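Assemble the whole structure, with the sequences as input and the hints as a guide.
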Amino acid sequence: MGFQIYRMERDRARFRDIVRGKLRKDLRKYLSTSELLGRQGKHTISIPVPQIELPRFRFGDNSGQGVGQGPGEKGDPMDGEGRDAEGHGTAGDQEGRHILEVEVELAELAEMLGDELELPNIEPRGNKQISTDGGRYTGLRTTGPNSLRHFRRTFRRALRRTIAAGEWDPEHPVVIPIRDDERYRARRTTPRPESSAVIFHMMDVSGSMGREQKDIVRIKAFWIDTWLRSQYQNIEVVYVVHDAVAKIVDHDAFFHLRESGGTKISSAYELCLKLIMEKYRPENWNIYPFHYSDGDNWSARDTERCINLLSDEILPRVNQFCYGQVKSAYGSGQFKKDIDGALSDDERVITTNVNSREEIPDSIRAFLGKGR
Amino acid sequence: MVTTTSLPPELAAQALCIEGEAKASGLDFFEVVFEMLAARDVNAVAAYGGFPVRYSSWRFGMDYERLQKGYEYGLSKIYELVINNDPTYAYLVRSNSDMEQKLVMAHVFGHADFFKQNVWFGPTERNMVDVMSRHAGRVRDYVEAFGQDEVERFLDVALSLDTLLDPYMPLRGKLQGDHPPTEKLGLSERARRSFEAVISSPLDRTDAAAPKPARLFAPPTYDIVGFLAENAPIERWQRDVLRMIRDEAYYFAPQRMTKIINEGWASFWHSRILTSGILDASEIVEFADCHSGATLAAPGQLNPYKLGIELFRHAEQSGQDIFRLRRMHNDVSFIDEVVDEEFASRNQLFVYQRNARTGRTEVADRDWGAIKEKLLSELSWGGLPRIELQSADEGEHGELLLVHKHEGRDLKLDEAGEMLLMVEKVWGRSVHLLTVDDGQGRRLTAEGGEIRAVETKTAEEACA
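Protein chains in written order, with the working numbering: chain Y, 1 to 372; chain L, 1 to 464.
No wet-lab data here; the hints were simulated from the structure. Treat the hints loosely; a few may be bogus.
Stated by the list, open to error - Example chain Y residues on the side facing chain L (calculated, C-beta under 7 angstroms, incomplete):
1) Met8
2) Phe59
3) Gly66
4) Pro71
Said to hold, decoys possible - Taking lysine-lysine and the DSS-like style, the derived pairs with C-alpha atoms no more than 27 angstroms apart in a straight line are:
5) Lys29(Y) x Lys69(L)
6) Lys29(Y) x Lys412(L)
7) Lys22(Y) x Lys69(L)
As the structure is a computational prediction, the values presented were derived from the model and not from experiment. C-beta: ideal position from N, C-alpha, C; glycine also.
In structure tokens form, the structure reads like this:
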């Protein structure tokens, strides 16, 4: 019966294609909702799509009536309150609208994102290409151990030299290589761009960051991760939350924690710097710090400290630094102005303002649109 | 006769036993071919509507995806899959226990008997496996000639039209001799009377009012898909596709009209056959568990298996000939004949109603007449809205006029609009629909790919 499955796999693939087409078409919608969050597996993400149904003439639900079975007096509520008429046994063959989950490769989702936002692929950092060892013996050189002598190339040179010197005798085709003719196999090391990257998501969780603000951060972080994952073989994500002090948390805590209290942004930057120095050395890592807050900081002094940290310590070590300011009812939005004022010339710094969910796609584009 | 080559020997022996028991009980069926498959293969076959040889469509892929997910998550599982065909094919799920297999096999013989004996299945194609396979071949040819996208687009349109038919027509046609009978009908005079009772029941008054003219496919007709296949200005291959879809739709239509009676019949017999010596003592508890699982009604709800089996038990106790009942009836006429006061009260049936004030659904009525009426109205026309093509001569350019026979239930208007667009795509000219929504007559028009809706008093009369 294997042929059935084979046929079915084709129809199923076609259906998935159609779903992907829909997803691609509706990507903007997904970009500003939290629908896809938490649905991520290791390599795939399961995306809920409404079942694509062919239209039919169907009954609406105008009567709210039907036939049921069970005990109860007139006027008693039915058990399991809240069902609609469709749930009842004899309502024909109406199936109701199902939600289907379709698995999509993360790489494919990233590709859709790239297409939708016209994101450039990340170019290797100029001087940060590291030569990786373990090349193959594809090169040649003039010295080497006899075990690596390239017989054919050595012979060819010797033959050419013999002919050029007029010593070639077809009757006695003897070729004797001299030292100059010897060629040896050599390892060729190819410089490759680094394939590792670390993402720092730093979020202000002080009292003024509400649920909506955090959701926006969350959605942005999700898409940023999705994109960067498609660009690097090896990605680590570090989640940092801060109010007056900063700490590293895991994924769940990052998205659910609610601290309160003051805000000292420098605490997060210091922690980020410490991690860069200790664990994620710029020689080995592409580094992407993202910071999200509502723009309130403890004091102008601390903001100054932040700017110094950025320009002197962090920026020289990272691919780019992104600051996403999320509008909240309480935030002053001052921090972005301060950063822009001090660092606007630096092309490694990108700042955005997000006032509402609709602005998330543009903000993501701004962050990832430089291909750094 | 039963073919069991793909079954393990023990089950094959059981199949023979069960078949013997079924025959001894008076069941009469075509040869039954059992095939045992892995659950996912059964899901694949089910997604193709029971025909692994069916043409390709993403829609079957979607159904498969849904069935597979349901199975993997443990939400749903297909127990039985029986195909109305001669021979009758039945699929068993390999992972079922022996007891479950026996139950399913006994159940299958019930369905197989129903397919062969029930009058509504009389006109259905009994060689559907071959027909489906031929259809698939033609669709493949068209894909090669006109391209996957082109054919798929039209198939999608055609498929959405496959409920626009007259489920009573094949049998009526047979009785009136429009189609030469392909097999001996064997309808007794009694059957004819019973059948006429069906079509003249209050819910079917339009049919009873005047017998349809012999000319097929001309308005007024419910066979809209047939009308379009024969009269729409479409390419030849499209006409052929539409005819195929129509053939398949008419093949499936009786199943929609006989859900309760068919499942009830099969459940009645699996229960009787298994408890008459097929099961050993150690399996009785598991059987009871499995059987009650299948016939379980969620609190307050109706389960077609349960309702069906209870109807047959009640009929048998009241001295009715259950073999005659399974021969003559569809769900509507079956309930009309069997449901009485005693049945309604013994089964604790009630009519529920949403209380607009509290938003709760409440037990509204325990009067058996009201219950019966409600059941009949839900089941009439296979549970679907009744849409009639009244005229193909509207406006100046031969536009179509459809009328929704309202009978108290509104349409989903947005989807009805989408449907009209589909019809318009095939007809090539504007399509109108008269319906009543929330007590207000409306005329929906699909024109140039757009939907317009206007309120109109004339609709209220037309739809009545």
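Tested hints:
1. Evaluation of the Met8(Y) hint against chain L yields a held restraint, the C-beta minimum of about 4 angstroms falling below 7 angstroms.
2. Here the hint on Phe59(Y) is kept, as its CB sits about 5 angstroms from the closest CB of chain L, short of 7 angstroms.
3. Evaluation of the Gly66(Y) hint against chain L yields a held restraint, the C-beta minimum of about 6 angstroms falling below 7 angstroms.
4. The closest approach between the C-beta of Pro71(Y) and any C-beta of chain L is roughly 6 angstroms, which is under the 7 angstroms cut-off, so the hint is satisfied.
5. About 25 angstroms separates the Cα atoms of Lys29(Y) and Lys69(L), which keeps this hinted pair within 27 angstroms; it holds.
6. Under the criterion of a C-alpha separation no larger than 27 angstroms, the hint pairing Lys29(Y) with Lys412(L) is consistent with the structure, at around 26 angstroms.
7. For the given pair, Lys22(Y) sits about 20 angstroms from Lys69(L) by alpha-carbon distance, which is consistent with the 27 angstroms threshold.
The structure is consistent with each of the numbered hints, conforming to all of them.
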